[in-house]
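Peer 1: The primary structure of each chain is shown beneath.
Number of protein chains: 2
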Amino acid sequence: MKDPGKKVGEVAVGRRRFLKTAVTLTGLAIAQSAVPTLRAEAQETPKAPEDPTKVPGALPTPYGRRSAFERAERLPRGQISLTPHQDLHGIITPSALHFERHHNGVPLIDPASHKLLVHGLVERPMVFTTEDLKRFPSVSRIAFIECSGNSFSEWAGPPGQTVQQTHGLMSTSEWTGVALATVLRECGVKPEATWMLAEGSDSAAMTRSIPLAPMLNEAILAYAQNGEPLRPEQGYPLRLLLPGWEGNTNIKWLRRLELGVAPWMTREETSHYTDLMPDGTARQFTFVMEAKSVITSPSGGQRIKPGFVEVRGLAWSGRGRVTRVEVSADGGRTWRTAQLQEPALPKCHTRFTFAWRWTGEEAILQSRCTDETGYVQPTRRALIGVRGANSVYHFNAVQSWKIATDGSVSNVHV
Amino acid sequence: MKDPGKKVGEVAVGRRRFLKTAVTLTGLAIAQSAVPTLRAEAQETPKAPEDPTKVPGALPTPYGRRSAFERAERLPRGQISLTPHQDLHGIITPSALHFERHHNGVPLIDPASHKLLVHGLVERPMVFTTEDLKRFPSVSRIAFIECSGNSFSEWAGPPGQTVQQTHGLMSTSEWTGVALATVLRECGVKPEATWMLAEGSDSAAMTRSIPLAPMLNEAILAYAQNGEPLRPEQGYPLRLLLPGWEGNTNIKWLRRLELGVAPWMTREETSHYTDLMPDGTARQFTFVMEAKSVITSPSGGQRIKPGFVEVRGLAWSGRGRVTRVEVSADGGRTWRTAQLQEPALPKCHTRFTFAWRWTGEEAILQSRCTDETGYVQPTRRALIGVRGANSVYHFNAVQSWKIATDGSVSNVHV
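Chains as they are written, first to last, in my numbering: chain A, 98 to 511; chain B, 98 to 511.
So here's chain A without its partners, still in its complex pose (with noise of 0.2 Å):
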């Protein structure tokens, strides 16, 4: 076949009869996005050969960029940016969209002239360059980072309209480095140390304290995402990583580590990233992402049409491995188990799936992970219920979409 042109067109009854078919994809087309997405760079879109197989192409490159025809962009926010969900697939998120969360911006720095700094309570002080720790015995891990405030706005609201607004502060990288416990052992840290206290090169100095016994077996200092080196706005060139932690300790452009008896009860635990309870009381060192789930398609702003929909979505929990996803189009009275894509890994994100016929009417979709400790995701209200709505962080419970008879999804809180 020299001309692909001429037979699309002798073809025309095998399309239609595809759009018609009962049997399978009839139905869902998500239309373009209602909810207008920031724009920052003006991009022009390319003129394209009508037929590309008449013109030769372009000559490789040394490092490549997306096509011009694609618009994705993380959505800035004063000082975070949100993923895109909507628009992505799989479970690695491109490190290009990885949201961010800075403290006082991202700082530009020399990785020639970056240390780490490993003092208190170890019997040898030292400082390493991220070239020394290259050198040690390499680590790789495929995890998700959740900043603490990921969903902050389906609290109290204003609900977000998008599910790039309500879950935009997750994504999943493959990182490695060096485990933690290799460097300590290095500096032989003493038997009395139960803290460290992790520091930023920031001009916030983002400052947190973290207990050693839970995370030294899994903690890695970072030096490389999806396989070259952290993005600057990651923690160029060194970051803590701390699997299903809140993502604020798992310290960026690291630059020192302090071993201690007790927490330091720095700016950043004690005036931010604690969860006010309803008696007034606050919940302080809340550091592990519980169980969680959401639809990433269809979702808000989209719009579907009645027949096939495939229901897309992600889950995670910070305590392992998720088990279990299921999925409601009854606002949760009935749920049904939705297919898990491997790889299924431990405090990771999961993409599920579930094949959904839409009939027209309205409906309510949700997704309910279960980890592999037996914790299910909670419902809004359950949620509510235990912590009131005072809180900014830690919201891990069930997200729904409303799909209106005009097939329109929008957030609501049921």
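This list has only true hints and no planted wrong ones.
Repeated chains share a single entry, so a pair holds when one copy, or any two copies, can fit it.
Below, computed lysine-lysine pairings styled on DSSO-like, alpha-carbon distance capped at 30 Å:
(1) K499 - K402
(2) K212 - K151
(3) K212 - K402
(4) K212 - K231
(5) K287 - K231
(6) K287 - K212
(7) K231 - K402
Read the hints as simulated data drawn from the structure, not as lab findings.
Keeping the supplied structure of chain A fixed, place chain B upon it in accordance with the hints.
Peer 2: Using the frame of chain A, we list chain B on its own:
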């Protein structure tokens, strides 16, 4: 601590101890690569502030970039470019550094006008847009793609100097798309269909014949790579993914699938992509990439120092999972088992590490992969003993890096 600069000085003794201690890491110091790499884009290195904590950082951005201090690049050579495995970590290849192989350049394709025709021995010939295909049930998979010409210079030379030159025609991504089986079911593939022609929209109209039976349950029509749409040089907006099969069969810029009863004997599968045997006959249809491994560090062009050296590399098999990797430091006389990094997925790069102590004497470093079928990666001598040295493709023998007494690492054929 307010001034880590001062502390650094105060604990300099610790730094010296680190550099001298016999316990762990005195050995390895990989010097700058002795082999010059091509720099296609001259880039200014920025001047970073001496103390980044004193300068407010940069605000979030819609689509991030790597640090301007990082310069790892693909090595472009005509219609190929090579992944810099000596610079990479883990198993995910950054999309910007995924190897390239085009047959007449990267076409510029407007996704809105791109179509896939499925015809031939099907009940219902159909044309699909990429948007149509995204509505089908989706599947994601982390898998390597290896050009059958990867390591071609190892057959008869001149041998590549670096691992980028010898093994740069392979990369790993998370791919997402629709199962080929789903689309063929929609079109009603006829029972007599046993082969499928796949054709690209590039100006080579790259075309290969694919036997249906072995790939029907694995092939994916992929529209996404590492979470976002395929990169242009990886087939944007649509490619065929045949996990474990030689790269060129994973047709990029996919525009046509024709079902038939025999191979089409296209240009690329007759004049190219066959293997010339010693008796003058050519092996045809050698789809599977057999088990293989390579040490990425230390590797050609690097330099090490006596003491601890972590040997790092990649192993993979087109037939399934890697079950074992062994490392030899004496040119294959003795072997020891390396550690496999999780996840170790089928038809996917698996990262291995091996703790080694270099005594300062000449050494030949090798790795050897065994896959789940029990196949063991052959020596170069054994491979050439069977296949001769006329071949260009499907070199999967053990790779040898010679460590000279000065610590320099070079490629040798032993």
